[in-house]
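Everything in the sequence shown is counted per our numbering, starting at 3 for the first residue and increasing by one.
Read the hints as simulated data drawn from the structure, not as lab findings.
Remember, predicted model here, so these are calculated numbers, not experimental data.
Please note that a few of the clues may not be correct.
Claimed, not checked - If you anchor each label on the Cβ, the simulated ranges turn out as follows:
id, residue 1, residue 2, range
1, N347, A217, 34 to 44 angstroms
2, A329, E418, 33 to 43 angstroms
3, L360, G218, 44 to 54 angstroms
4, Q287, D413, 39 to 49 angstroms
5, E395, Q99, 51 to 61 angstroms
6, S394, Q284, 29 to 39 angstroms
7, E227, R250, 20 to 30 angstroms
8, S190, S330, 48 to 58 angstroms
9, D331, Q157, 54 to 64 angstroms
10, D285, L360, 19 to 29 angstroms
11, D285, D215, 18 to 28 angstroms
12, G218, N296, 22 to 32 angstroms
13, S391, Q319, 24 to 34 angstroms
14, L264, A315, 22 to 32 angstroms
Beta carbons: idealized from backbone N, C-alpha and C, even for Gly.
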Amino acid sequence: MVSPIALKILVASGWLVTVAVAFTAGQWISDSPERGDAGIETRQGKGSSWRAAADPSATSESNEDATGLIEGEEGPGDDGRLPDSPLARILRGPGTQEDWREAGLAVALLSPEEVRYWTEAYLQMAPGPDRDRVLRMLLGEMAETDPAGAMKFAQSISSISESESTRRDILQAWGRNDPQSALAWIESNRGSIPSRLYSRRLESWVSGYAELDPAGAFAYVSAIETTNRGDRWMKERMIEEIVETQVRANQLDEALAELQKLPEGRLRSEALEEFYSEWARQDPQGAAEHFLNNREEDSERVAAGLIRQWASADPVQAAEFVSSMDASDPAYQVAISSLIERWSNYDLEGPAQWLNELPPSPEIDRAVAVYSVRASAEDPEGAMSWAASIESEDTRGRVMQRVAAEWKESDPEGLEGYIVENDLDEGTATELRNARSGGRRWRGPN
Numbered sequence: 003m004v005s006p007i008a009l010k011i012l013v014a015s016g017w018l019v020t021v022a023v024a025f026t027a028g029q030w031i032s033d034s035p036e037r038g039d040a041g042i043e044t045r046q047g048k049g050s051s052w053r054a055a056a057d058p059s060a061t062s063e064s065n066e067d068a069t070g071l072i073e074g075e076e077g078p079g080d081d082g083r084l085p086d087s088p089l090a091r092i093l094r095g096p097g098t099q100e101d102w103r104e105a106g107l108a109v110a111l112l113s114p115e116e117v118r119y120w121t122e123a124y125l126q127m128a129p130g131p132d133r134d135r136v137l138r139m140l141l142g143e144m145a146e147t148d149p150a151g152a153m154k155f156a157q158s159i160s161s162i163s164e165s166e167s168t169r170r171d172i173l174q175a176w177g178r179n180d181p182q183s184a185l186a187w188i189e190s191n192r193g194s195i196p197s198r199l200y201s202r203r204l205e206s207w208v209s210g211y212a213e214l215d216p217a218g219a220f221a222y223v224s225a226i227e228t229t230n231r232g233d234r235w236m237k238e239r240m241i242e243e244i245v246e247t248q249v250r251a252n253q254l255d256e257a258l259a260e261l262q263k264l265p266e267g268r269l270r271s272e273a274l275e276e277f278y279s280e281w282a283r284q285d286p287q288g289a290a291e292h293f294l295n296n297r298e299e300d301s302e303r304v305a306a307g308l309i310r311q312w313a314s315a316d317p318v319q320a321a322e323f324v325s326s327m328d329a330s331d332p333a334y335q336v337a338i339s340s341l342i343e344r345w346s347n348y349d350l351e352g353p354a355q356w357l358n359e360l361p362p363s364p365e366i367d368r369a370v371a372v373y374s375v376r377a378s379a380e381d382p383e384g385a386m387s388w389a390a391s392i393e394s395e396d397t398r399g400r401v402m403q404r405v406a407a408e409w410k411e412s413d414p415e416g417l418e419g420y421i422v423e424n425d426l427d428e429g430t431a432t433e434l435r436n437a438r439s440g441g442r443r444w445r446g447p448n
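With these hints in hand, go ahead and build the complete structure from the sequences.
Next comes the structure, spelled out in structure tokens:
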């Protein structure tokens, strides 16, 4: 007799999920010394039957396996019932959405043997998005111990997109545990797949590899030749992925040392932007101070990304940092507009008060323009006053027309009153009266 495998117990939100998978297998195969990979032997006896969920179009061999898994007459337990786990309830069918949700939670508790068992069982069910989602989680678990086997099972997922997403999940885990074998699989299975698909697989692999050896992953990506725009985008994304992984692991010095090896240019600038933005998620003050003390030339994008991230969490503190920057610094102009753009998503009064403390200047034109457009729906008269304060004549005219178009739709009489009360010249008045909304979204001065 085969000894039962210990049960795993999951307690969550008042329900008890008993994943008695190996125990189930032990009871089913107690009359047989071995269980082959191709199917599962069943034994006859009394008890409740599983409702069939196998694909009727499957082969006879598959249907025989499905019968053993889903219609076995006797399950474990003294009363002959199957274990009341979500994975088993779904196989009995039809599973509820709560069953499917709980099945995903239960997958993380399975042993490698149980993962393989349930994968085989679910592959014999009728295709569907819920089934594919659980299979993706099962194969993600399998990838930690048997990535090559998981890849073979992934071919059986009916949805092409879900099958490919599963492969990328497997490659990430494989790259974390055995990067060379994973890379060999990618190259040997490249075939005639589109370059975009190939690059996505590489990105997933790099993401896992970076967790194991970020320096090795960075060296691999740095050596990639960029012969076209697609190659450049792939390289940028993979470097950003490595940087994110290192920052999350608090390997700040190591990440910065790798980035400093990159030649000056767009790739280096975007990688530094990602570095500081990711750092700002954890410690915006530390990221900002480091940026000020170690900034490089042409670092406007870096400042913008850092401030945008910071303003999402604490715009007041981000504003204090921006105020400490030199107004003549090109990075200041980008940072202040990024601050207002993000801040005004959540609050209009705060950024207005802060902007009001700054003297009008070309350096803050873009920020004022962004605020004017954002405020036009809530307070068109106030937004128009802000737009009229813009220093640049060209920018001022375009923003005033944008605000006027919004104002005219909600309160045309109010717009006309503003034009008359401010005694605008005929040309400006005509432009505001004829302003139309729509078209390309205005993004401020270049």
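To see whether the hints hold, each was checked on the structure:
no.	hint	verdict
1	N347 with A217: 34 to 44 angstroms	holds, 38 angstroms
2	A329 with E418: 33 to 43 angstroms	holds, 37 angstroms
3	L360 with G218: 44 to 54 angstroms	holds, 48 angstroms
4	Q287 with D413: 39 to 49 angstroms	holds, 43 angstroms
5	E395 with Q99: 51 to 61 angstroms	holds, 59 angstroms
6	S394 with Q284: 29 to 39 angstroms	holds, 37 angstroms
7	E227 with R250: 20 to 30 angstroms	holds, 29 angstroms
8	S190 with S330: 48 to 58 angstroms	holds, 56 angstroms
9	D331 with Q157: 54 to 64 angstroms	holds, 55 angstroms
10	D285 with L360: 19 to 29 angstroms	holds, 27 angstroms
11	D285 with D215: 18 to 28 angstroms	holds, 25 angstroms
12	G218 with N296: 22 to 32 angstroms	holds, 26 angstroms
13	S391 with Q319: 24 to 34 angstroms	holds, 26 angstroms
14	L264 with A315: 22 to 32 angstroms	holds, 28 angstroms
Going through the hint list in order, the structure satisfies each hint without exception.
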